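Chain by chain, the residues run as shown.
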Amino acid sequence: MPWTRDQMAARAAQELRDGYYVNLGIGIPTLVANHVPAGMSIQLQSENGMLGMGPFPWEGEEDADLINAGKQTITTLPTTSFFDSAASFGMIRGGHIQLSMLGALQVSEKGDLANWAVPGKMVKGIGGAMDLVAGVGRVVVIMEHTAKGEAKIVRECSLPLTGAGVVNLIVTDLCVFEVRPEGLALVDLAPDTTLDDVRDNTEADFVVALQ
Amino acid sequence: MSVRKIYSTAALALADVLHDDMTIMSGGFGLCGIPSVLIDAVLASGVRGLTIISNNPGAEGLGLGKLFNTRQVHKLICSYAGENAQFARQYMAGEVEVEFNPQGTLAERIRAGGAGIPAFYTRTGVGTVIAEGKPLAEFDGKTYLMERGLRADLALVHAWKGDTEGNLVYRMTARNFNPMMASAAALTVAEVESLVEPGQIDPDHIITPGIFVDRIVVVDKVDKRIEQRTVRRRAAPVEE
Chain A
1 MPWTRDQMAA RAAQELRDGY YVNLGIGIPT LVANHVPAGM SIQLQSENGM LGMGPFPWEG
61 EEDADLINAG KQTITTLPTT SFFDSAASFG MIRGGHIQLS MLGALQVSEK GDLANWAVPG
121 KMVKGIGGAM DLVAGVGRVV VIMEHTAKGE AKIVRECSLP LTGAGVVNLI VTDLCVFEVR
181 PEGLALVDLA PDTTLDDVRD NTEADFVVAL Q
Chain B
212 MSVRKIYSTA ALALADVLHD DMTIMSGGFG LCGIPSVLID AVLASGVRGL TIISNNPGAE
272 GLGLGKLFNT RQVHKLICSY AGENAQFARQ YMAGEVEVEF NPQGTLAERI RAGGAGIPAF
332 YTRTGVGTVI AEGKPLAEFD GKTYLMERGL RADLALVHAW KGDTEGNLVY RMTARNFNPM
392 MASAAALTVA EVESLVEPGQ IDPDHIITPG IFVDRIVVVD KVDKRIEQRT VRRRAAPVEE
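Sequences listed follow chains A and B, in order.
In this text, residue positions in the first sequence follow this note's numbering: the first is 1, and each later residue adds one.
In this text, residue positions in the second sequence follow this note's numbering: the first is 212, and each later residue adds one.
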């Protein structure tokens, strides 16, 4: 059985380490915040200008001046700090954020990432993704393994790139791939998922290195 | 106390400044921390052919989105356009020119513009369409691309509190692009939610020093909108 969105987030949360500063993208990556292991201290960054992002506010306590990069209402924590967007991306570009988790349209076997534009469709913009993948030491993609039956893990991305050779780990509903210098390595499988299930839904080549 | 920088209305603060085909920076991220009263004054003035520099083009009929409804915008320099049907229609029809920037590159271009730095190198966008036409250089074995500093004729910013000297303090994530933009234009106009006497803001807490702010308008009532209202539901009351 493939992993649910929540199980994918839980699997990705195994990449967290105590003391990390982490940026989580919109969608499934956001759910990773619900799976921080007990006793581990993680500070979440929101690239509009905040460290120490708290959970959604209680109903009635929303504040229009307090939003995350997904424009969602959030809350502060005792550790929170605010800063301008240039300082925020200075943190990102300067390598101070240890881990970035984000979604993708395509990932190549070389770790190229495409997640912002589809030719022929209205481009909504770039946002912070290009800065994050260029500046953060470890980049984890969390996404559905395929889109409408089409493979998303490919030999070469056909969509415009967000960054070249930037992805370190891919977590999907079927499995987990590490991006190694020599190519993709399958390191984890969802329950009752076979290697053939993965092969049938993956365009890129990979070696099996289950741990 | 000096009141040299204080204007009674947004319209008066902008009256001798606005003209067709000018470049305007507008602070805010989404609808958070946008100078909505100053934007309304730009709308009412009817100036056209504007180049707008802002992280987002407002939302449908809100913030900068209003200036698309009236076709006052010629070009948008932004990071993310999002869901604004009127903007999308004009963009797809080629009626408005759009330059997308990575968000951090946009922020740094504005910071650099304000700090007298004409260009800088960044890793962001190397190997993507963003690099097209930009000079590349290698530093310490890694490839970087060159981005230009950005300046504008006019910057519109929103602050939580200001004093009559123009020292500004922002509130939470409403800070975003406002401080850099305040520094990067020939003239900066700030709308503030409250105006205090010099000395009433702890100098250690001032985010934007008054040197960057030319004109100040107090806005009594700000219509702050929330784009994505996300909440935790309260559990039913428990008997004590």
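FYI, nobody ran anything at the bench for these hints, they're computed from the structure.
In this text, all values refer to a predicted model and were calculated from it rather than measured experimentally.
Some hints here could point you the wrong way.
Just the calculated beta-carbon pair ranges, DEER-fashion [stated by the list, open to error]: (1) D232/B - R17/A: 33 to 39 Å; (2) L398/B - E59/A: 15 to 21 Å; (3) G19/A - D232/B: 48 to 54 Å; (4) R444/B - R17/A: 30 to 36 Å; (5) G94/A - S405/B: 30 to 36 Å; (6) P78/A - D232/B: 48 to 54 Å; (7) D227/B - G27/A: 28 to 34 Å.
Below, in silico cross-link-like pairs of lysine-lysine (DSBU-like), each with a Cα-Cα straight-line distance of 35 Å or less [claimed, not checked]: (8) K353/B - K277/B; (9) K345/B - K124/A; (10) K432/B - K121/A; (11) K124/A - K286/B.
Not everything, but these chain A residues come out facing chain B in the computed CB check (under 8 Å) [what the hints assert, rightly or not]: (12) I42; (13) F56; (14) P57; (15) A86; (16) V118; (17) P119; (18) K124; (19) I126.
Every residue gets a Cβ at the ideal spot worked out from N, C-alpha and C, and that includes glycine.
Status of the hints after comparison with the structure:
For the hinted restraint 33 to 39 Å between D232/B and R17/A, the CB-CB distance of approximately 52 Å leaves it violated. At about 43 Å, the CB distance of L398/B to E59/A disagrees with the hint of 15 to 21 Å. For G19/A and D232/B, the Cβ-Cβ distance of about 51 Å falls inside the hinted range of 48 to 54 Å, so the restraint holds. In this structure the hint that R444/B and R17/A lie 30 to 36 Å apart at CB holds, the actual value being about 32 Å.
In this structure, G94/A and S405/B meet the distance hint of 30 to 36 Å, their C-beta atoms being roughly 34 Å apart. Taking 48 to 54 Å as the suggested C-beta distance range, the pair P78/A and D232/B conforms, at roughly 49 Å. Between D227/B and G27/A the beta carbon distance is about 47 Å. The supplied range of 28 to 34 Å is therefore violated. Proposed proximity of K353/B and K277/B is contradicted: the alpha carbons are some 43 Å apart, above 35 Å.
With a C-alpha separation of about 22 Å, the suggested pairing of K345/B with K124/A holds against the 35 Å cut-off. About 39 Å separates the Cα atoms of K432/B and K121/A, which puts this hinted pair outside 35 Å; it is violated. In summary, the hint linking K124/A to K286/B is supported, as the alpha carbons are separated by about 15 Å, within the 35 Å threshold. Because the beta carbon of I42/A sits about 19 Å from the nearest beta carbon in chain B, more than 8 Å, this interface hint is broken.
At its closest, the beta carbon of F56/A sits 4 Å from a beta carbon of chain B; the interface hint therefore holds under the 8 Å criterion. Given the 8 Å rule on beta carbons, the hint for P57/A holds: about 6 Å separates it from the nearest Cβ of chain B. Nearest Cβ of chain B to the Cβ of A86/A: about 4 Å, under the 8 Å cut. The hint holds. At a threshold of 8 Å, the smallest CB-CB gap from V118/A to chain B is about 13 Å, leaving the interface hint violated.
Hint status for P119/A: violated, given a least beta-carbon distance of 11 Å to chain B, over 8 Å. Annotation: K124/A was flagged as interfacial toward chain B, and the flag holds, the nearest CB pair being 6 Å apart, inside 8 Å. Hint status for I126/A relative to chain B: holds, with the closest Cβ pair at about 5 Å, below 8 Å.
Violated hints for the displayed structure, listed by number in ascending order: 1, 2, 7, 8, 10, 12, 16, 17.
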